[in-house]
Amino acid sequence: MSILVGKDTKVVVQGITGSAGSFHAKQCLDYGTQIVAGVTPGKGGQLFEGKIPIFDTVEQAVKATGCNTSVIFVPPPFAADSILEAVDAELRLAITITEGIPVNDMIKVKRVLQNSKTRLIGPNCPGVITPGAKCKIGIMPGHIHRPGRIGVVSKSGTLTYEAVFQITNLGLGQSTAVGIGGDPVHGTNFIDVLDLFNNDPETDAVIMIGEIGGSAEEEAAAWVKEHMKKPMAGFIAGVSAPPGKRMGHAGAIISGGKGTAEEKIKAMTAAGIVMAASPAELGTTLVEAAKRANLKLS
Amino acid sequence: MKIHEYQGKQIFKKFGVPVPRGIVCKTPAEAEKAAAELGTKVTVVKAQVHAGGRGKAGGVKIAKSPAEAKEHASKILGMMLKSPQTGPNGQEVKTLYVEEGLDIEKEYYLGLTLDRATARVTFMASTEGGVEIEEVAHTDPEKILRAAVDPAVGFQPYQGRKMAFGLGLKGDEIGKFVKFCSQLYQVYMETDAALVEINPLVKLKNGEIVALDSKMTFDDNALFRQKAVVEMRDIAEEDPLEAQAKEHDLAYIALEGNIGCMVNGAGLAMATMDTIKLVGGQPANFLDVGGGASREKVTAAFKLILADPAVKAVLVNIFGGIMKCDVIAEGVVAAAKEVKLSVPLIVRLEGTNVELGKEILKKSGLAITPADNLRQAAEKAVASIKA
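Protein chains in written order, with the working numbering: chain A, 1 to 298; chain V, 299 to 685.
The shape of chain A in the complex, shown without the other chains (with noise of 0.2 Å):
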């Protein structure tokens, strides 16, 4: 077991003729990924690498594929019209790694999502990756992960990618790795993916990294506090970053003092968390996390 993603999982990429999408399906294949079809509007009746089926519409792909799930790489100013057509086609989790969608198509996309059986990664985000499965879906180099128990949960992609090859390094391996993004309106959210790791037999312990802006990481502790039962390895980047600035993901940015990675800090403590001052050190810091808890890892 895992989550979100797993043995079952029958992908359709959306986009899977632009450059992007392309490119990254061919890896998530290669990484062996169920990808059982691509949409991209016009080109309907073509093949990806000789063998994909390409559809016109999502709905057509869920007909004739039976896919559940969906990536999407279709460029920003089309991208929300992408999710919301994942939505109607009612497909289990859409993850969207396209960077830049306006904030006001996000709202109304997050609005549509309230009443779904879609569940929404991202935007912004590196995807979802549970290499016990065998299952990458998303832009993360496959080959930094190994099958484990620990599960990893991110807003930013390339601190994901430090802590999983951390981790890898350290003899262990991952669960399910997830990368939230960090745009100011996104789907699922931190307590969103602890919720499932603590009810996931196969998560033993989960590192979670945050970063300035917002107060989803202040709102995680406070659910940690209450009802977190495995140990916790936690980062939050961008102490050392300005207030006002927009540091690369509309998210960081720290607005009238809120938001700041102190108060981040702080409360990721107060939860229990143990937290790592440097990136460099998420996977002795997790080591020290599980010690503390007195459980071995494995």
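Think of the hints as simulated: they come from the structure by calculation, not from any bench. This structure is a prediction, so every number in the text was calculated from the model and none was measured. Keep in mind that a hint or two might mislead.
What the hints assert, rightly or not - So the derived list for chain V, only partly shown, Cβ under 10 Å to chain A, looks like this:
(1) Arg418
(2) Ala450
(3) Tyr456
(4) Met487
(5) Glu506
(6) Asp518
(7) Leu576
(8) Ile616
Claimed, not checked - A few chain V residues that don't get close to chain A, going by computed Cβ distances all over 12 Å:
(9) Gly314
(10) Glu403
(11) Ala534
(12) Asp670
Backbone N, C-alpha and C define an ideal beta-carbon position, used for all residues, glycine too.
We have chain A already, so just place chain V on it with the hints.
Then chain V, alone, in the frame of chain A:
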């Protein structure tokens, strides 16, 4: 993206949001003429810079005659306006906005922005207008009235009425305020704003509700569909290096330290700055070269970093994922040679083909200090400056 007050008011006017009459001026003579043309007993001469706190900084003056408007204008134009929202050197005033004076009865605060917790555009209103609203938000949060707009139905009159009664408005003022809010919501949505702030919003003695100020910022991700907004961009107000970075699709922010940073990924870039500080150094910048870190981007990034004369060392921290470390190493070496790098270069590579990458750096003939992890890289960068 930010715009000037007068530009924000032009947008307001287009959407029917009441604003004072005003004229944009570039010289004291123009200011004098504008004041005469407006014809009110008093006029207000306002510095136009992309920063708040102008009043306290001496950038807003009341003139009782066109001659006085000219006098104020000559003092404000060309001044380096320093407020908590400008850099330490201040921002040069190049444009003025001369406005009619109004008979003000009471000041309020009205703001409109995204509330991330609810994912809804949310109005904030307060009777504590004019003063530092963030201070109020901190000390008396209950004094701020809120109304979150459901995107499915848009702004509703009852939401405006609730705020209006909360602010103590009466009679005709209620309807005027509701209309004002409804039009402001349109401004926000149709221009893809990220923030619309009116501080102060005023009620005149005749009961009219007017936006005495305007502060607007826009969602950069939506500029592709906001041509009219993009035309309002004033590059002179932006940090020249940050503007140059935008051209190369690099995310760059100048800071005040001396260790230049080049990193792939925003989170890792922030974490790199943090680690430099943790080991006693000061980062000179935030720079995200993106997931690809191609040779072209790395070259452009080096040029940006080295354009800052304060930079005494450069730390490159790249996690090679999809892009392999050997390819990145080749890019770094070629770029360093092209820009004739003369400060210590500390490189930390990690990920696919890392050994190959390190080999390339070693054989390059350049004085590159390799590092095995981020903390070590930061320590070496700090040491290289002290040496």
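Handout entry: Hints violated by the structure (numbers, ascending)
Key = The structure breaks hints 3, 5, 12; every other hint is satisfied.
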